[in-house]
Amino acid sequence: CPEDADPEEFHIHTLAPVLGSEEKARGAVLYHYKHAASGFSAKLTTEQVEDLKKQPGVLQVVPSQTVQLHGNEGGHAKTTRTMGLM
1 CPEDADPEEF
11 HIHTLAPVLG
21 SEEKARGAVL
31 YHYKHAASGF
41 SAKLTTEQVE
51 DLKKQPGVLQ
61 VVPSQTVQLH
71 GNEGGHAKTT
81 RTMGLM
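Going by the UniProt record's numbering, the sequence shown runs without a break in its numbering and finishes at 86.
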């Protein structure tokens, strides 16, 4: 994300050409990452992911994963780790 750009708007402008409109991009974004890294998570088809990889400014596209966490008491908790776009 350019230093002078609003991260959320940059994410929407990056995703809009893939989905066909800014409105659809806003509807697809699940979360904006803007502190340690600039990126977002969104629900996309396989074809949309391939199109997104070709967009200017896209460095990486990473799929979401569900991972198993082990608690202190030996318990298990499921969580979704979404890295989104960076």
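Just so you know, these hints were derived from the structure itself, not from any lab.
Don't take every hint at face value.
Claimed, not checked - EDC-like mimics (lysine to aspartate or glutamate), calculated; alpha carbons at most 16 Å apart, straight line:
| # | residue 1 | residue 2 |
| --- | --- | --- |
| 1 | K43 | E22 |
| 2 | K53 | E23 |
| 3 | K34 | D6 |
| 4 | K43 | E23 |
| 5 | K24 | D51 |
| 6 | K43 | D6 |
| 7 | K24 | E3 |
| 8 | K34 | D51 |
| 9 | K24 | E8 |
| 10 | K24 | D4 |
Computed from a prediction, not measured in an experiment: that's the story for all the values here.
So, going through the hints one by one against the coordinates:
1. At roughly 15 Å between alpha-carbon atoms, K43 and E22 fall within 16 Å of each other, so this suggested pair holds.
2. Taking the CA atoms of K53 and E23, the gap is near 20 Å; set against the 16 Å cutoff, the hint is violated.
3. Distance restraint check for K34 and D6: the Cα-Cα separation of roughly 9 Å lies within the 16 Å cut-off, and the hinted pair is therefore satisfied.
4. Only pairs whose Cα atoms come within 16 Å are accepted, and K43 paired with E23 is accepted, the gap being roughly 14 Å.
5. This hinted pair checks out: K24 and D51 have alpha carbons roughly 15 Å apart, not beyond 16 Å.
6. Proposed proximity of K43 and D6 is contradicted: the alpha carbons are some 22 Å apart, above 16 Å.
7. Taking the CA atoms of K24 and E3, the gap is about 25 Å. The hint is violated against a cut of 16 Å.
8. For a cut-off of 16 Å, the pair hint linking K34 to D51 is broken: about 23 Å separates their Cα positions.
9. A C-alpha spacing of about 14 Å is found between K24 and E8, which places the hinted pair at or below 16 Å, so the restraint holds.
10. Note on K24 and D4: the hinted pairing is violated, with a Cα-Cα distance of about 24 Å set against a maximum of 16 Å.
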